[in-house]
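K.L.:
In my numbering, the protein residues as written are 1 to 338.
Derived by calculation from the structure, the hints in this document are not laboratory data. You may find that some hints are simply not true.
Straight-line Cα separation of at most 25 Å, DMTMM-like style, residue types lysine to aspartate or glutamate; simulated pairs [stated by the list, open to error]: (1) Lys-114 to Glu-98; (2) Lys-199 to Glu-98; (3) Lys-114 to Glu-86; (4) Lys-99 to Glu-74; (5) Lys-114 to Asp-228; (6) Lys-114 to Glu-95; (7) Lys-112 to Asp-194; (8) Lys-199 to Glu-95; (9) Lys-199 to Asp-319; (10) Lys-99 to Glu-86; (11) Lys-84 to Glu-98; (12) Lys-84 to Asp-110; (13) Lys-171 to Glu-74; (14) Lys-248 to Asp-228; (15) Lys-112 to Glu-95; (16) Lys-58 to Glu-292; (17) Lys-112 to Asp-126.
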Amino acid sequence: MATAVLDKLESIGGITPLVKLCRGDQPLAQINTIFRNIGVPILAFLVFLLLWSWAAGKVQTSLGQLPGPSQVIEQASGLWQEHKTEREKAVAFYERQEKRNAAKLAKDPDAKVKWRTYNGRPTYIDQIWTSLVTVFTGFLIASIIAIPIGILCGLNQTLYIALNPLIQIFKPVSPLAWLPIVTMVVSAVYVSSDPMFAKSFVTSAITVTLCCLWPTLLNTTVGVSGIDKDLINVSKVLRLSWFTQIRKIVLPSAIPMIFTGLRLSLGVGWMVLIAAEMLAQNPGLGKFVWDEFQNGSSNSLGRIMVAVFTIGFIGFILDRGMLALQRWISWDKSAVLR
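Start from the sequences, fold in the hints, and give me the full structure.
P.N.:
Here it is in structure tokens:
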């Protein structure tokens, strides 16, 4: 039973040395690998913290001394405590409302009761969640558009020649240039007395979509166009249908390049979203950073640093998540992915 579990765990690339160490397979080599993959990054991060702590004490700003690691941890703890306090207020609000309505119905079963939504201010955790939902929405829309177009461009040279000028024109356009146009178009088109989504969410998601399109589209095109011609010829000999050819030959062969594009797109989308939220003052981490900058309190720099590390850490997790997904989907499990 234990052997079977270890066999399954070994297929997960990141913990393979640990599994081999548990088996007793070349212990010294596995320890060396684990130290190189885990110990070295930890040591490098500790050196970074020491340098940061030393440099922070020597920088004075208009809001006071640049916060070091301990001050940032303190502010992070404060933001988490604020989130817990706000959630407790929400729970108390709904409990009071439920008791009030229950008492009202007890006196008069036909009475009309009102259920109100708690409208407390969004916490830091709420801002993180808002940004994640927005970036994934824009990223998924962009992927749904870019992958099929990239496949068609990779298989059809004429279509690629036709679309390439448009791709090259719009690819370098900054999200800050798209944002005013998207804002005006959404305000003019998305008109409803009871909208399903807030306009700020739609604006940010579309802006992310416009900037996520190009890396996925181009990498998919390159990946599909680079497929071995012998494979295409075999599919013609076997008289595979077009969809079967795409599913059995094109997608498996182009997966590495497609995922390279997806990883780039997700990273670009995350950066774009933060900038868009700051500029348009849409809810999310970007707005949190801007509000703290405008607030100008003694805690603002520390809170902004918390947001900076949060943005970077989430970006890292998103990239590792895409890498794990690629490793799971790809047919070549022995391929080296970084």
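K.L.:
Just to be careful, I want the Cα atoms of Lys-199 and Glu-95 compared with a cutoff of 25 Å; is the pair within it?
P.N.:
31 Å, violated
K.L.:
CA of Lys-248 to CA of Asp-228, is that 25 Å or under?
P.N.:
14 Å, holds
K.L.:
Take the C-alpha atoms of Lys-112 and Asp-126, compute the straight-line distance between them, and say whether it is at most 25 Å.
P.N.:
32 Å, violated
K.L.:
With a cut-off of 25 Å on the C-alpha distance, tell me whether Lys-112 and Asp-194 pass.
P.N.:
23 Å, holds
K.L.:
Lys-84 and Glu-98 were given as a pair; does the straight-line alpha-carbon distance stay at or below 25 Å?
P.N.:
21 Å, holds
K.L.:
Are the Cα atoms of Lys-84 and Asp-110 separated by 25 Å or less?
P.N.:
With a Cα-Cα distance of about 37 Å, the restraint between Lys-84 and Asp-110 is violated, given a limit of 25 Å.
K.L.:
Given the hinted pair Lys-114 and Glu-86, is their alpha-carbon gap at most 25 Å?
P.N.:
Status holds; Cα separation ~22 Å.
K.L.:
Does Asp-319 lie within 25 Å of Lys-199 when you go C-alpha to C-alpha?
P.N.:
28 Å, violated
K.L.:
Quick one, are Lys-112 and Glu-95 close enough, alpha carbons at most 25 Å?
P.N.:
With Cα atoms ~18 Å apart, Lys-112 and Glu-95 stay inside 25 Å; holds.
K.L.:
For the pair we were handed, Lys-99 and Glu-74, check the Cα-Cα distance against 25 Å.
P.N.:
Outside the cut-off at roughly 38 Å; violated.
K.L.:
Checking one constraint from the list: CA of Lys-199 to CA of Glu-98, max 25 Å. Satisfied?
P.N.:
31 Å, violated
K.L.:
Taking 25 Å as the top limit, are the C-alpha atoms of Lys-99 and Glu-86 close enough?
P.N.:
Satisfied, since the Cα-Cα distance of roughly 20 Å is no more than 25 Å.
Of the numbered hints stated above, those contradicted by the structure are hints 2, 4, 5, 8, 9, 12, 13 and 17, listed in ascending order.
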